[in-house]
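Asker: As a plain string of letters, each chain reads:
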Amino acid sequence: MKSRSRFAIALTLAVALGGWLIWTSIGGSMETYTSPAGLVKSDGTTYRLNGKVAPGSPADAAERAQTAAGLRFVVRDKERPSVTVPVVYRGSVPDAFKDGREIVVTGHMENGVFQAERGTLITLCPSKFMQEAAEQGKQMPGGVPKDSTGT
Amino acid sequence: MTLVGRAALLLAFAAALYAVGAALWSRRKGRREFLASAERGVWAVFAATTTSVVVMWTLLLSDRFDVADVAGYSNRTLGWRYKITALWGSQAGSLLLWMWFLSIAAVLVVITNRKRNRALMPVVVAVLMGIAVFFTSVLSFITSPFETVSPVPADGRGLNPLLQNPYMESHPPLLYVGYVGLSIPFAFAIAALVTRRLDSTWITSIRRWTILSWMFLTIGIILGSRWAYEELGWGGYWAWDPVENAALMPWLVATAFLHSVMVQERRGMLRIWNMVLVILTFTLALFGTFLTRSGILSSVHAFGESTLGPYFLALIVVVLAGSFALLISRLSALRSENSLESYISREAIFLYNNLLLVGLAFAVFWGTMFPVLSEAVQGQKITVGQGFFNQVAAPIGLALLFFTGVGPLIPWRKASPRELRRRFAWPLVIAAIAVIPALYFAQEGAHWWAAAAIVLGAFTIACIIGEFWRGMKVRHQLGGISWPGALGQLLTRNRRRYGGYIVHLGVVSIIVAIACQGAFSTQGDLALRTGQTGEVAGYQFTNEGGTRSRDDHKMSVGVALGVSEGGNRFATLNPGVDVFTAQMQRSSEVAVDTSPFRDVYVVLVGLTPDGLARISVFINPMMMWIWVGGIVMVLGSLIAVWPSRRRREAVAPAAAGADGRVRE
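Protein chains in written order, with this note's numbering: chain A, 43 to 193; chain B, 241 to 904.
The set of hints was computed from the structure by calculation and includes no laboratory data.
Incorrect hints may appear among the rest.
What the hints assert, rightly or not - A few chain B residues that face chain A, going by a derived Cβ cut-off under 8 angstroms, partial list only: (1) 474; (2) 599; (3) 618; (4) 625; (5) 628; (6) 712.
Said to hold, decoys possible - These stretches of chain B come out as covered by chain A in the derived footprint (C-beta under 8 angstroms, 3 or more residues): (7) 735-745; (8) 795-803.
Note that this is a predicted model, so its numbers are computed, not measured.
Ideal Cβ positions, reconstructed from N, Cα and C, are used throughout, including at glycine.
Full structure from sequences and hints, please.
Answerer: Structure below.
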């Protein structure tokens, strides 16, 4: 019986240690997922900004993102297209980046400009895009061929 | 043609429904003959599903663009190989593939259990066919792969160029084989619970299934990483993306299960825990499919949001609630036969390994679901970055590495200090020697955990080699067998044990490579005009001229780069970019020079008309060892599952005796 209670203590300790590890790690890496309309604080809060690339993004986006000046483009709110925010980004640009594409990028607000962290730009191809394609009369139900396969 | 496909799926649905009913009915007194009927039902499900898969492939190969999934994922210029691949490009198609694998697995279970486990089989068949009922009904009534469109388009949209890659061709089916395979241990566990036959018979019957599905899951995950590395062009191979995590979680829990079953077989302990692990593994496999299909999380891997989420969620809830209710009702029959005698014993190490693996799976689950949970609780979607996952996985991975080395050397029940000193002397010496290079590396980047991985890796490899050495020595000295002969005997006579050690070697290779890549990789951007040379991390890159070309469906640019180190030119790399005109989709073609110590990985970012090439260079140390480790893991698993003649003879009569019904 004694060994059993000792085992219980050991187990509790292990679980507590694991919980502590998760807790401290989570605290250090939280990012608020938001749309351009939700970007309010410019106090250094880290945001994961989700929205669409507004028309007029440079065609040579990948190359600009390598220059010191960085890639500048505008992200538009998915629900409220009138709300936009300018973004400055450096690092690798996914192949799928272009006007109208939904993106997620991590960074913070500074003087009304979203300063993105290096290499955090991700593109998404959600179902909305299919509807757009359908509305534009492309009569294709499948929409963009989606990666629907696994990792 | 589409009608045939739909009819076949409906038939599969009906047959699966019948098989569930007949299998359960056969459990009643005097109705045993219905089990044979249920098993024929399994065959019917297999035949019908195969028919609909063949129909789908025929449609894809014959460019029938009146079918939505053909129009959406294929086109005339696509090669026949990718037309076959396009089956799992679409959502309905990938579910069809899943269902097909399930029907194959169910048939294999029926064949291999004709004479064994007759008491378990009714429930096993009912569970497997119950899952089949779910998939066939989704395929028949909610998202059919045979949906047609009008007007019929002249050509299809084609397969996403990112998916036109050999790794992407093979990795989803392999992952699915793994997922589906995990439903077999689950079915047997439920059957053992329902029939109260809770001895170790069910565990031995599924041993091979578990290892094989685990192996396929491993291959699937590794090929997926390989695809990300070669195709996505960001220099990395793993990003803790929800979709990646979805495959990792069941893998982690299945790994825990593979180890803890040995404790049950040997010592009759951890019986409840094993049940929990089997149920969790299967639920996580379903959850993985749910994650990728529901669109509740945003992922790099861009899945379309679909309407399937609620159905999968319902299935998961039913499976979880049902299994755990059943488990609780059988708790009293699952008492442990023994208790832990010492904290330094094989079973204790297995327990630590289990806690770590399940803990890591839990952390990954927590991190993946955090946005959803925080939105539900706080109303604000908070995501956790890759930092979280790395921070949690690094110490747990290191601890796992340590136990990988220690575990096999510690005897069951209780270890004597003298024995421990003798067995660990050499590994400790080797680890001490490894400290020197490890400290040297750690100084450069101040990454203590990479240094720890190197030291622990050396220690673990020494432990494993020691195990082989001791086994070979006994055979060599007592049996008078040559050294290579002794090694061959070890591998053929005790397949699971030594196959397992080989898997461990692969794991060491992967963990050390991951740590080194994570700590010591360097990245640099260069802008080079023709003839110019730039340097990243001691490597010189010379722009030797760009190329431009275009054909029917793509425009391509490329650049030739001479790569040298210290004046010694060792490679020419040709990174490029293709722009597919049909979708206006860019696709980077990275160029990699691999050597045992490092990959030189180059992405062409852009090439201006006047010849200015912008490139991104990644120097990834030890990358090759991730892929080598993967191959070693697969080889080890194959050795572990390979049927040995001796065992088959030994197991067959025992198994026949253990189930009561066959001889009656």
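Asker: All the hints need checking, so say for each whether the structure fits it.
Answerer: Now the hints, each set against the structure:
no.: 1; hint: 474; result: holds (5 angstroms)
no.: 2; hint: 599; result: holds (5 angstroms)
no.: 3; hint: 618; result: violated (10 angstroms)
no.: 4; hint: 625; result: holds (4 angstroms)
no.: 5; hint: 628; result: holds (4 angstroms)
no.: 6; hint: 712; result: violated (37 angstroms)
no.: 7; hint: 735-745; result: violated (count 0)
no.: 8; hint: 795-803; result: violated (count 0)
The structure fails hints 3, 6, 7 and 8 (numbered hints given earlier, in ascending order).
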